[in-house]
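Listed here are the chains, written in short residue letters.
There are 2 protein chains.
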Amino acid sequence: MSIGIAAVGLQHGHVHNMVKALRDAGATLLWVYEPESELVPPFVEAYPEVKIARTLDEVLDDPAVHLVIGTTNPADRADLGIIVMQHGKDYACDKPGLISFDQLEAVRRVQAETGRFYAVHFGERYDSPATVKAAELARAGAIGDVVQTIGTGPHRFLGHIRRPAWAFDKQNFGGVINDLASHQIDQFLYFTQSQNVEVVQSQVGNFKHTQFPNFEDFGDLTLRSEKATGYIRVDWLTPPGLATWGDGRLFVLGTDGYIELRKYIDITGRPGKDHLFIVDGESARYIDCADVPLPYGGLLIQDVINRTQSAFDQSRCFLTCELALTAQSNAVQITPKT
Amino acid sequence: MSIGIAAVGLQHGHVHNMVKALRDAGATLLWVYEPESELVPPFVEAYPEVKIARTLDEVLDDPAVHLVIGTTNPADRADLGIIVMQHGKDYACDKPGLISFDQLEAVRRVQAETGRFYAVHFGERYDSPATVKAAELARAGAIGDVVQTIGTGPHRFLGHIRRPAWAFDKQNFGGVINDLASHQIDQFLYFTQSQNVEVVQSQVGNFKHTQFPNFEDFGDLTLRSEKATGYIRVDWLTPPGLATWGDGRLFVLGTDGYIELRKYIDITGRPGKDHLFIVDGESARYIDCADVPLPYGGLLIQDVINRTQSAFDQSRCFLTCELALTAQSNAVQITPKT
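Sequence order for the protein chains is A and B. Numbered continuously in my numbering, the first sequence closes out at residue 338. Numbered continuously in my numbering, the second sequence closes out at residue 676.
Quick caveat, the hints were computed from the structure, so don't treat them as lab data. Values in this document were obtained by computation on a predicted structure and should not be read as measured data. Beta carbons are placed, not taken as given, at the ideal position from N, Cα and C, and that holds for glycine.
Below, simulated DSS-like cross-link-like pairs (lysine-lysine); rule was C-alpha separation at most 25 Å, straight line:
id, chain 1, residue 1, chain 2, residue 2
1, A, Lys273, A, Lys20
2, B, Lys565, A, Lys337
3, A, Lys20, A, Lys51
4, B, Lys389, B, Lys358
5, A, Lys208, A, Lys337
6, B, Lys546, A, Lys227
7, A, Lys208, B, Lys565
8, A, Lys227, B, Lys675
9, B, Lys546, B, Lys675
10, B, Lys611, B, Lys358
Just some of the chain B residues that point at chain A, by a computed CB distance under 8 Å:
id, residue
11, Asp558
12, Thr560
13, Tyr569
14, Leu575
15, Gly579
16, Asp594
17, Thr606
18, Phe615
19, Gly619
20, Ala622
The calculated label-pair distances, taken between Cβ atoms and stated as ranges, are:
id, chain 1, residue 1, chain 2, residue 2, range
21, A, Leu39, B, Gly619, 29 to 35 Å
22, A, Asp57, B, Glu564, 53 to 59 Å
23, B, Gln671, A, Gln193, 20 to 26 Å
24, B, Phe439, A, Asn214, 39 to 45 Å
Chain A on its own, in the form it takes in the complex (with noise of 0.2 Å):
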């Protein structure tokens, strides 16, 4: 048995990750839905399986689509969550899955409410193997008690590709914070399996691009919880030299040993994605991830079918992004003065 899904919102190409972990996994993609009518074509090449809808209602009266996904601008995605929770089906979107605290008041009623999933895809996890495995043998105990995570999340400034007018606008995505480091807060819940999280500190600044005066090219933030801490960078400074488009990196500090990531690169090392290296009491080895399989979307249609939370959990989703949305709205500014 599987599920029908439709999408939602083609304003990021994030979109396709989480088609294609819903589609490899067996799912049915049913609808497509995207008031930017110039970006259906694309995407219904890619997929030609897909139906257009010409309204959101269309989708939503189709009682074979269980899950809707998808991408629309971030400010965008709480009122469209709900309304897809209201019609009695599960909704995935891209993060930032929203952008202000209303939103998530809302978002956590509605989702109360109607039992319905509002699942936000932290891609820097589910769609990277490293990840993945990274994950799996924190969780078996391979550096012991998880005491710190250093996540980094640097990206290539996106001036010189197609993007919507929102990225350089933090009203539309909710600052950089929210926006990029809701992935590395992702992971310091799963990895540490914490609690009751507080922000320590939390800082944004726009160092290089002023031309953009909305714009936060920098921030960063500490986490701590009952048993672990967490620190955070994130930036859209990476330079032209870098072959991809960011150099990722997540260090996890266990009481045993400790393992690093290298998710996209390994500048000037072995070719490809996917690098762990792990160093324990007895050596230092790395692993190739590249070939680790991806259980998200595989357990995301379980999940929706069964009514269990496998893939992901409702509660940690939605510490992750009351924790974003606070360490954001806390952030001190720090551009300097010039």
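Starting from the structure of chain A, add chain B where the hints point.
Then chain B, alone, in the frame of chain A:
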């Protein structure tokens, strides 16, 4: 023209780094003084020209001694430095340079009164060819404006080797941040050339070595200046499987690129130490820094002779100590409750 030096205090092997830096640059090692007598013969064996002083006064009264160096117990360094400076000689000690605000105040006062140097040997920069090279690149603008540093100083726990008892009681070294993180604070100040710096947050904990209740095996902190931020993590959690004492890293983020140092090991990668990776507008490149010369010793000799500050900056040195003390004394205790 060169200078005469004396080694007072052999409580840590770092004294050899200090001797080497100065002796290789032409300083004459005149005296050694260490009350713990069994430490003296191996030192004399390493430097056969040295004379053994029976008292500290023998060193202080010798007009041929221009600079006293060494590694007494950390708690004793300030008092010794004050006596040395009051005898008209310069003083250079291992980090931490001191362990309390009272000591810092006294040392600052006597340094100003006497005009002598109180130099703390930040070996993770002075003795590190990769760090010297990175600073040269960063200061020449190779990565644009430096806006952030991440410095980690993981260490293998010392339970298995000879080490003075003070290592297990933070009262004797001022805590893990004061003891270890002063290196990374120094590097933040040196790479960013920051002037006005505050400690945004700091944390210390004892996650693994609970048999030593006055020990701390983890510390981190965040710094912020008028133009940059810095994150620092230090720990005593390096597992036995690592082939060296610690996988120290430095990440320097600029507006036009970034530098990563793998100072002491490139896990499962290139052999040896001092690995520098730079990514800029053109490409990603590896630089083997093993043969980069270390200027510190020669510059310090010239500073002692000419009363210049080229090897180090006295006010930055004191600021490093002050920030380390501040971060340590304000640190939130994060040892998990058992």
